[in-house]
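Please model the entire structure based on the sequences and the hints provided.
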Amino acid sequence: MHPALTIAGKDLRQRLRDKSAIVLGLLAPLAIAALMSFAFGSAQTFHLDTAIVDEDHGELAAAFTSMLSSDDLSDLVTLVPATSRADAESKLDNGEVAAVFVIPAGFTAAAHGGGAVPVTVLGTVDQPVATQVGTAIANAFVARFNAVRLSVGVAVAGRTPPSDALVADAARAALPEQVVARSAGTRPLDAISYYGPGMGIFFTMFATGFTARGYFAERANGTLDRITAAPVGPGTVLAGKSLATFGYALASLTTMAVVTTLVFDAYWGPPAAAGALIIAISLALVGLTALVIAISRTERQADGLAGIATFALVLLGGNFVSLSMAPAALRTLALFTPNGWAMRGFTDLSTGAEASAIVLPLAAMLGFTAATTAIAMFLIRRTVTR
Amino acid sequence: MDGALTLTDTRSDRGADTPAAVLDCAGLTRSFGDRLAIDDVSLRIAPGETYGLLGPNGAGKSTTIRMVCGLLTADAGTVTVAGLPMTPGAPARALVGYVPQDVALYPDLTARENLRFFGHMYRLRGKQLAERVAEVLDLTGLTDRGGDRVESFSGGMRRRLNIGAALLHRPTLLVLDEPTVGVDPQSRHAILDSVRAFGAAGMAVLYTTHYMEEAERICDRVGIIDHGKLIAEGTPRELVAQVAERDRVELTATGNLPGFATACAALTGVTHTDSGDGMVTLLVEDGRAVLPAVLDAAERADIAVRSVQVVEPDLESVFLHLTGTSLRE
Ligand SMILES: Nc1ncnc2c1ncn2[C@@H]1O[C@H](COP(=O)(O)OP(=O)(O)OP(=O)(O)O)[C@@H](O)[C@H]1O
Ligand SMILES: [Mg+2]
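Sequence lines, in order, name chains A and B. FYI, in full-length UniProt numbering the residues of the first sequence are 1 to 386. FYI, in full-length UniProt numbering the residues of the second sequence are 1 to 329.
To be clear, the hints were calculated from the coordinates, so they are not data collected in a lab. Check the hints yourself; a few may be wrong.
Said to hold, decoys possible - List of simulated lysine to any residue pairs, SDA-like, C-alpha gap at most 25 Å:
| id | chain 1 | residue 1 | chain 2 | residue 2 |
| --- | --- | --- | --- | --- |
| 1 | A | 19 | B | 148 |
| 2 | A | 19 | A | 299 |
| 3 | B | 229 | B | 57 |
| 4 | B | 127 | A | 264 |
| 5 | A | 19 | A | 55 |
| 6 | A | 19 | B | 127 |
| 7 | B | 127 | A | 9 |
| 8 | A | 19 | A | 47 |
| 9 | A | 91 | A | 109 |
| 10 | B | 127 | A | 12 |
| 11 | A | 19 | B | 112 |
| 12 | A | 19 | B | 57 |
| 13 | A | 19 | B | 229 |
| 14 | B | 127 | A | 74 |
| 15 | B | 127 | B | 85 |
| 16 | A | 19 | B | 186 |
| 17 | A | 19 | B | 107 |
| 18 | B | 127 | B | 116 |
| 19 | A | 19 | B | 113 |
| 20 | B | 127 | A | 73 |
| 21 | A | 19 | B | 146 |
| 22 | A | 91 | A | 73 |
| 23 | A | 91 | A | 34 |
And the structure:
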């Protein structure tokens, strides 16, 4: 076995004996990905059972009904048939539906120039989100006709109607496709499929700090001298240390992919393509680790540098916040980060893009790897025999 | 055993001028910033020879050794091992076994894992590696602890393993940097005996220490280093012969010792004085003759003398003679 592989194997063995590696490599990213998708992904998992009471019987009421039962909203809304207003209200009371739309008589006529007749959304205090979403849907429909005379009234059974702020929130919550805006695929992106890779990559980037610190710890405790006293070149030591990062990143990300897929129903894309992205980002982290080691002079410097690099890269690359809504300048910056490219690849894959969509991300990450490795190998030679 | 350990004993033709030197350092010089740490050090070690580099703290022993092992570049001078230049990544490294001054092992790995790892670094593998690991565990008396993590070892056990890790590849030159520091007397004897045995088996040994008894006991030749300069070199007997006419008088006492030492320096027959650590050391021409005058001076200077010892000439006396300070910590 090549000494570099021996060094990598030794490092991984030490890492695995240290329980914090398992926490940082798997438990933490899993927990945070789950939390993030819970916090930011509720609109996508929310589902509204509703009923329509049509007292209008006009063409506009029919249009509203067909909108609610359209494919566009089928993920979000299920229309439960109701025979009368009383039937709908009893379904609301017993929880069969969470909101009821009442389209009053004269609604269609009003749209053509009559008096103002509001659509009423009946909700319950038990399910305020449902009321908000219902209101937002009605508002969206009304707005579509740009008819100022039409308006939406909200009646929450028992208590006060939702505030304007809540309604505004609901309008925002009703736009589940935010994250999909930029992706090349057609499937809606669910949050866990974004935060799974996002957090997995973030925590493996932490591994760069580990490895870099480990290098300087070996220098401090003399084992590095022992290795360099053997016929082992400085590049080999660096390669061994960096390979450990590769193995760790590979294991951590693969486990993340498998666990989030099985447990949270995440979709990382076709296994081969997702695997290629995982390998590429792991390689890029190897280059990053080597660079941090080669630039730093002390353990403290390495620690600081790795921390700064990790945070700068995850913020620019969009591991925490999707960049689809970000200004163009920020999105351009993301193109300079390997993790930004990885996230782009994963987003494309998980929204159903062709596997060929990852060619560019792969090339970018490999380019990053080559550049950082070359610089590191050049720099390390001057540091070994001080 | 085979290989380097059974090289024919070349003691008969050993010496500083043997052409087939295992180690040849010429004009080694190294500064750290403004501080000249090593100043033009040259030394040669023949096969099977044990060479002791004796000097106090900060003399430059470790710095010399680090240059010998190719861990530190010299500002000037060269190191050759068995004729091969010691440059980064050079094959000369495969001939050297380096025992660092501080224990350099992975505490979270077992003794066997540590040995296997360092054996790999010297390109040992497979059956050969397994055999050498077993032999070294045996040699260091750690066979039944081979599967335990090093962090569970006593200081002495770590020290032994620290040496063992440098023996796996049967080096031609074994370099030990103060391997007995902080070791109990029993382990120390064991270590010294095994170093003696390595030399007897034909290995060239470079051994640094600041204990003159160690240098006297195991070294064929000794170089005395102080402030980065090699100030004397020879067999222990040759070195001691330089001060053969002198006795060393050691007084343990309380009071103004530096003042007392100065007073003693003025006495006839006293050639060197040093004080420190509740002790005054004198190098005198004749111990018995000068003693009454010394005790007299002590009484006048109000010095309470606890004990007086007149010691036969040894390397300690040589060091005092050469540098004007004593070697002990
Ligand atoms: N990396 C370094 N940077 C700066 N100065 C150094 C360095 N290494 C050694 N020195 C200096 O060089 C001198 C010799 O140090 P060295 O470690 O070789 O002494 P030593 O004889 O091994 O001492 P000891 O018995 O305490 O181990 C000392 O003055 C030391 O401060
Ligand atoms: Mg030293």
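Legend entry - Index of numbered hints that the structure contradicts, given in increasing order: 4, 5, 6, 8, 9, 12, 13, 14, 15, 16, 20, 23
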